[in-house]
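Given next are the chains, with one letter for each unit.
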Amino acid sequence: DGGITQSPKYLFRKEGQNVTLSCEQNLNHDAMYWYRQDPGQGLRLIYYSQIVNDFQKGDIAEGYSVSREKKESFPLTVTSAQKNPTAFYLCASSMYPPSGRALAGEQYFGPGTRLTVT
Amino acid sequence: SQELEQSPQSLIVQEGKNLTINCTSSKTLYGLYWYKQKYGEGLIFLMMLQKGGEEKSHEKITAKLDEKKQQSSLHITASQPSHAGIYLCGADLGQGGSEKLVFGKGTKLTVNP
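One line per chain: the protein sequences are A and B, in this order. With the first letter of the first sequence counted as 1, position 24 gets the number 24 in our numbering; the numbers rise by one all the way through. Each number in our numbering comes from the position in the second sequence (counting from 1) with 118 added on.
None of these hints come from the bench; they were simulated from the model. Hints may contain errors.
Calculated lysine-lysine pairs in the DSSO-like style (CA-CA distance at most 27 Å, straight line) [to be verified]: (1) K135/B with K9/A; (2) K145/B with K57/A; (3) K156/B with K9/A; (4) K218/B with K71/A; (5) K70/A with K218/B; (6) K135/B with K156/B; (7) K186/B with K156/B; (8) K174/B with K226/B; (9) K154/B with K57/A; (10) K182/B with K226/B; (11) K186/B with K218/B; (12) K218/B with K9/A; (13) K178/B with K135/B; (14) K156/B with K226/B; (15) K218/B with K57/A; (16) K182/B with K218/B; (17) K83/A with K218/B; (18) K154/B with K9/A.
No experiment lies behind these values; they were computed from the predicted model shown.
Generate coordinates for the entire structure from the input sequences, incorporating the hints supplied.
Below, the structure is given as structure tokens:
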């Protein structure tokens, strides 16, 4: 079945450590996204990538880094510079450019990774 | 300030009742997406609206985009416990390329049996 996988579902780290969250999709989507969700805050865009080897900062990129070496994979590293890393992280993908549309296509989301840093 | 305002923030209804969730922007909504999320899980795509006045339905859920393309509503008819969850609207506000979506903070729906 086609879809997006994120691993692990729960992740625990000590403060000061970098941690990498995995995101893989087999939907043949060009664009991939990373969001952070906090209680009462909605989703906030961290980074996004439209094609392999290219990515752009979202609204809250500080303290995060990404890579896009393969179309299927878009890992997110939460660095020690991120001051408040504990959150629920969601990865998404979409067609780009959207086939037959003038707008962005719907984004498909993974199940999320809950990161806790103590 | 929040670019997309959702109301209400939370909603508790009795099974069988109808309900409406609103999503409002001060900017033109070039595309409006409705998602549903179970707590601690990913978002499930429900519907996309693009044209002013457009209305779409799926089972007991109807979404509308107003003529001015600045407000959308999600209406659930005869609610069931399976409708419970967090509903989020996401919008293409035409910012820096059509691939970016801005999301509201979500509406938490509880349906009591």
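Each hint tested on the structure:
1. K135/B with K9/A: With Cα atoms ~35 Å apart, K135/B and K9/A exceed 27 Å; violated.
2. K145/B with K57/A: Status holds; Cα separation ~22 Å.
3. K156/B with K9/A: holds, 15 Å
4. K218/B with K71/A: The given pair, whose Cα atoms are some 18 Å apart, holds under the 27 Å limit.
5. K70/A with K218/B: It holds: about 21 Å lies between the C-alpha atoms, which stays within 27 Å.
6. K135/B with K156/B: holds, 20 Å
7. K186/B with K156/B: violated, 31 Å
8. K174/B with K226/B: OK: K174/B and K226/B at ~22 Å, within 27 Å.
9. K154/B with K57/A: Between K154/B and K57/A the Cα gap is close to 26 Å, so the pair holds against 27 Å.
10. K182/B with K226/B: holds, 19 Å
11. K186/B with K218/B: holds, 21 Å
12. K218/B with K9/A: holds, 25 Å
13. K178/B with K135/B: holds, 12 Å
14. K156/B with K226/B: Distance of about 10 Å is within 27 Å: holds.
15. K218/B with K57/A: holds, 11 Å
16. K182/B with K218/B: holds, 21 Å
17. K83/A with K218/B: holds, 25 Å
18. K154/B with K9/A: Since the Cα atoms of K154/B and K9/A sit roughly 19 Å apart, the hinted pair holds (cutoff 27 Å).
Figure legend: structure checked against the earlier numbered hints; hints not met, in rising order: 1 and 7.
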